[in-house]
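A.B. asks: Okay, here's what each chain looks like letter by letter:
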Amino acid sequence: MHTEATPAQADVSEADLIKQCQAGDTAAFDQLVTRYRTRIFGMIYNMVHSEQDAWDLAQDSFVKAWKSIGRFRGQSSFYTWIYRIVTNVTIDWLRKKQVKGSGTEFDDAVQLKEIDPASRTVPKADALPHERMQRKEIRARIDAAIQQLSPEHRAVILMKETEDMQYHEIAEALGCSIGTVMSRLFYARKKLQNLLRDLYENV
Amino acid sequence: MKTFEEKWTAWIDGKLSGAELAEFEASLPDKAAAEAEKRDAQKLGTFLKEHLPCAAMGNEDFFNHQLRERIAGDEPAIRDRETTGTGRAWWPIGRLVWVGSTALAIFSVCTFFVMREKAPTDQSQYLTQILNARVDPAVSPNATISMFETQEDKVTVLWVEGLQSLPSEYAHK
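Chains A and B, in that order, give the protein sequences.
Under our numbering, residues 34 to 236 are what the first sequence spells out, in order.
Under our numbering, residues 62 to 234 are what the second sequence spells out, in order.
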């Protein structure tokens, strides 16, 4: 699991931080936020395709997490617990916005700063202009395809394919059964295969 | 019992093994096509990993700062709820009991008034008493006499039926 913890922060175990948070220590919560903010933001961004909305939803998710951390009993990992909050907040937001994959949602006015996926932490040298253009076009196609999925299907495919989460972790994060996760993955994959086949066959 | 979709997904992700794997692969009508589909799905996964990058969040420190501000703003309200005990625990028990008993009381009062207004109109205002009696069986064996009385007008009607002859003392009057 990739987090942003610095070596000093890593010395403090997650369980200790959670206990401190439960005792009302906001500084401890700040450390937890620092550990997870980028992944949470990235996950939300891939679902809503707007940097500003992703920021706001990540804020809302962390505020909710702070308010309910007293009820966290450690039966699941903190990561899946907070992902549950994040997916609930994001799916509710998407449902309210009634996004139906029209392709108009993508916020292309905002230039997303991308880190090369092959290197999670250190970006490589700048890509050539035509490569950047090609990447941008591919990204727009993927975003448009993902927008055609229901919020639940989006969450499942992103958790599986980009977060490398296991079925049971996704099930915990979404509050559904493993069978439901597998079934949603089946339909999400089929749809994306139909929409993106020409792209991944040729790139 | 897993559905086909669940088994297919597990097969794509390499999560089937042993007898379950053999059984599933034997159930596929066209294994070559299924294998091609599997490779296709795996390509999709690789493609998504490559092209959905880890989005870099700008202004991370400001994110934390903004969050601290929001939490600090919410803190008094949260603390108040916790210290006064009027938070989550009060709602389900105290308020539900209060709302329930109030609703029951209002319902009882309304029912009382509605029932009270309807009660006097049920009975006919004319007929208060019917008295059936037989006239002398020796003279008129099938004769009956009925008496109707209205309470408000103080009127009594005597209804005689089946008399074979009118008694002489009535005829004189």
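Do not rely on the hints blindly, as some may be mistaken.
[What the hints assert, rightly or not] For lysine to aspartate or glutamate, the following EDC-like pairs were computed, each having C-alpha atoms within a straight-line distance of at most 20 Å:
(1) B/K110 with B/D74
(2) A/K223 with B/E66
(3) A/K224 with B/E98
[Claimed, not checked] Label pairs and their calculated CB-CB ranges:
(4) B/E130 with A/R128: 27 to 33 Å
(5) B/G155 with A/K129: 30 to 36 Å
(6) A/L161 with B/K63: 46 to 52 Å
(7) B/E81 with A/G103: 41 to 47 Å
(8) A/L161 with B/A80: 47 to 53 Å
(9) A/S101 with B/S162: 30 to 36 Å
(10) B/N120 with A/R165: 30 to 36 Å
(11) B/R129 with A/K129: 32 to 38 Å
(12) B/E86 with A/D197: 23 to 29 Å
(13) A/R128 with B/R177: 49 to 55 Å
(14) A/Q108 with B/E66: 25 to 31 Å
Just so you know, these hints were derived from the structure itself, not from any lab.
Here a beta-carbon is modelled for each residue, glycine too, at the ideal position from N, C-alpha and C.
A.B. asks: Please go over all the hints and tell whether each is borne out by the structure.
C.D. replies: Tested hints:
1. B/K110 with B/D74: holds, 15 Å
2. A/K223 with B/E66: holds, 11 Å
3. A/K224 with B/E98: Holds - the C-alpha atoms of B/E98 and A/K224 are around 13 Å apart, at most 20 Å.
4. B/E130 with A/R128: 27 to 33 Å: Holds, at about 28 Å.
5. B/G155 with A/K129: 30 to 36 Å: Hint holds: Cβ distance 32 Å, inside 30 to 36 Å.
6. A/L161 with B/K63: 46 to 52 Å: With Cβ atoms ~47 Å apart, the hint holds.
7. B/E81 with A/G103: 41 to 47 Å: With a Cβ separation near 42 Å, B/E81 and A/G103 satisfy 41 to 47 Å, so the hint holds.
8. A/L161 with B/A80: 47 to 53 Å: This hint holds: roughly 52 Å between Cβ atoms.
9. A/S101 with B/S162: 30 to 36 Å: At 31 Å between Cβs, range holds.
10. B/N120 with A/R165: 30 to 36 Å: Cβ of B/N120 to Cβ of A/R165: about 23 Å, so the range 30 to 36 Å is violated.
11. B/R129 with A/K129: 32 to 38 Å: violated, 27 Å
12. B/E86 with A/D197: 23 to 29 Å: With Cβ atoms ~26 Å apart, the hint holds.
13. A/R128 with B/R177: 49 to 55 Å: holds, 51 Å
14. A/Q108 with B/E66: 25 to 31 Å: holds, 28 Å
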